[in-house]
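K.L.:
Spelled out, the chains give:
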Amino acid sequence: MFRKVLIANRGEIALRVISACREMGIRTVAVYSEADRNSLHVRFADEAICIGPPRSSESYLNVPAVISAAEIADVDAIHPGYGLLSENANFAEVCRASNIKFIGPPPEVTRMMGEKSTARQTMKKAKVPILPGSDGVIENEGEALEWAKSVGYPVILKAVAGGGGRGMRICRTAEELPGLFNQASTEAANAFGNGDLYMEKFIERPRHIEFQVLADEHGNVMSLGERECSIQRRHQKLIEEAPSLMVTPKLREELGKTIKKSLENIGYWNAGTIEFLMDEDGKIYFIEMNTRIQVEHCVTEMVTGIDLVKAQLRIAAGEKLNAIVTGPVEIRGHAIECRINAEHPEKFTPSAGKITAFNVPGGNGVRVDTAQYSEGVVPPYYDSMIAKLICHGKDREEAMNKMQRALSQFVVQGIHTTIPLHQKIFADEEFRSGKFDTKFMERFLDRQKDSQA
Amino acid sequence: MMDGNKLNELRELVEFLKANDIAEFDMEQDDLKVRIKFAGEPAPAGGIDVAQLSRLMASAPAASVSAAAAAPVAAPVAASAPVEEALHEVKSPIVGTFYESPSPGAAPFVKIGDQVEVGQVLCIVEAMKLMNEIEADVAGEVVKRIATSGQPVEYGQPLFAIRAR
Chain A
1 MFRKVLIANR GEIALRVISA CREMGIRTVA VYSEADRNSL HVRFADEAIC
51 IGPPRSSESY LNVPAVISAA EIADVDAIHP GYGLLSENAN FAEVCRASNI
101 KFIGPPPEVT RMMGEKSTAR QTMKKAKVPI LPGSDGVIEN EGEALEWAKS
151 VGYPVILKAV AGGGGRGMRI CRTAEELPGL FNQASTEAAN AFGNGDLYME
201 KFIERPRHIE FQVLADEHGN VMSLGERECS IQRRHQKLIE EAPSLMVTPK
251 LREELGKTIK KSLENIGYWN AGTIEFLMDE DGKIYFIEMN TRIQVEHCVT
301 EMVTGIDLVK AQLRIAAGEK LNAIVTGPVE IRGHAIECRI NAEHPEKFTP
351 SAGKITAFNV PGGNGVRVDT AQYSEGVVPP YYDSMIAKLI CHGKDREEAM
401 NKMQRALSQF VVQGIHTTIP LHQKIFADEE FRSGKFDTKF MERFLDRQKD
451 SQA
Chain B
1001 MMDGNKLNEL RELVEFLKAN DIAEFDMEQD DLKVRIKFAG EPAPAGGIDV
1051 AQLSRLMASA PAASVSAAAA APVAAPVAAS APVEEALHEV KSPIVGTFYE
1101 SPSPGAAPFV KIGDQVEVGQ VLCIVEAMKL MNEIEADVAG EVVKRIATSG
1151 QPVEYGQPLF AIRAR
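These protein sequences, in sequence, are chains A and B. Residue numbering for the first sequence follows my numbering, beginning at 1 and increasing consecutively. Residue numbering for the second sequence follows my numbering, beginning at 1001 and increasing consecutively.
None of these hints come from the bench; they were simulated from the model. Keep in mind that a hint or two might mislead.
As the list claims (entries may be wrong) - Here are the computed distance ranges between Cβ atoms for each label pair: (1) B:G1119 to A:G165: 23 to 29 Å; (2) A:P64 to B:V1118: 22 to 28 Å; (3) B:K1111 to A:K354: 43 to 49 Å; (4) A:K116 to B:I1036: 54 to 60 Å.
Glycine is no exception: its CB is placed at the ideal position from the N, C-alpha and C atoms.
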């Protein structure tokens, strides 16, 4: 097992990894920017090294600074957390060249799965269902019509060179396709200097469902079940659950087997998540893979009883999966996570500053992962998530009730947080029914506006 | 509840703190670690009676004002003495290992008492096998070398104190 690990991250995930290491007798090294001098991850690590000024690009994303810190602290391995350098294949390569174990997949695999179209092709070859679409650029309206016929309406035209909604058109019938094709192409040419378009099947009301995987460095892969992450605002997840009400045991088992084979093929190591969209008919399509531990890993931990961060450390140290997960994976009860952000609960404007009161709820089946504390400061330089509140109950109903109780006891003063927003969501009928999709937040916020009008 | 003796000792400690205008006082016992913050002026006119303080600390219970566990030991051992106001600290712009000479056995780049110009190389901080020359950001006299050769340093760590011209 590693003697010493450097955690190349900050906030709650840095503390999460430091805690797992401490429980395993591994010495920890925290790195921090000047803005994080008084952070809990710094305080609770065995050693701490300041690596730069507040800006991420000059500190947490500064590869030479992180590697240099790892060298002077003489660590065996680096855990990259999530975000920041965790999916940076370059960084993983530098670690390898510096003889420091990167806790994650090999750089080549990270690079392959990080490239969206390569990932799609890889999964397609492994018979993982992917979102149907054109094989690259569509030359003209005629081709567009043919592709749309094989993919099936509705379809979405997207700009090859861009994003942000520009050069995008949703098309529901063959009649409107040629016109929309030209519109999208012109818009793309104006916005990105390139009018090339490709096409994908469009799902009106998708659900976002993702599968957690673990793979050791000896070729063994296992699926730990799914998470439901449809409650999102502007593509940022707010609430996650495990299991998904839409995934039957049969689907879970079948998809688990398919995923396992696909990752064995590519030589995947360590933790990862495969993301899918589920359409209104319950059909599921691969969209992308995240080659790291995720924010919402906690809900999987609560229902399976498996510590994913410890699994990461043990896998990276060379242990085999069957020593880490010793029996069949069982899903017990239901877990829900709320991401608590330092934002105004209605305007969503960021709220940096000093926390003057911080009361964290507890109790049976209530878990809070946070690196904030009373008198702690939320700096303006990083993302706004300050805590994760996770509740586990014997079923979804109990988990929701615990969450409502826990939210009511989670007191944060001095800054705005999204706790009141979560309280409203948990009182909302559509959310409680479990019959929602990724457009839920739009409808919910409209309902809020209407009720205030 | 505390016994009578300990309570008296604590009272004496509190009186001492009040008399010396001390606003905040942390203390730990093993490997000793004291932090004192004065209420108003930087220090009372006559200075603190250190002998009295050490006698009180030896007998008083571990009265830690901040409920903190031991602070982490920074990988580099930072200097403890604060630098005089007139002195400018040259701080390391990178993480790495400090070397006072261009190579082992060679003479140091600068000695105490040397006059340096802006941009003059003071030392090397080695990071990832690259030797980075650290330059003076003010002109003046090198008064103190704060880091020691071979010592790991972090971003912002003081390396030299210069009395700027």
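K.L.:
Compare the structure with each hint and give your call.
P.N.:
These are the hints, each one checked on the structure:
For the pair B:G1119 and A:G165, the beta carbons lie near 50 Å from each other, so the given range of 23 to 29 Å is not met. Checked against the hint of 22 to 28 Å, the pair A:P64 and B:V1118 passes, with Cβ atoms roughly 25 Å apart. Between B:K1111 and A:K354 the C-beta distance comes to about 45 Å, which sits within the given range of 43 to 49 Å. A hinted range of 54 to 60 Å for the beta carbons of A:K116 and B:I1036 is consistent with their spacing of about 58 Å.
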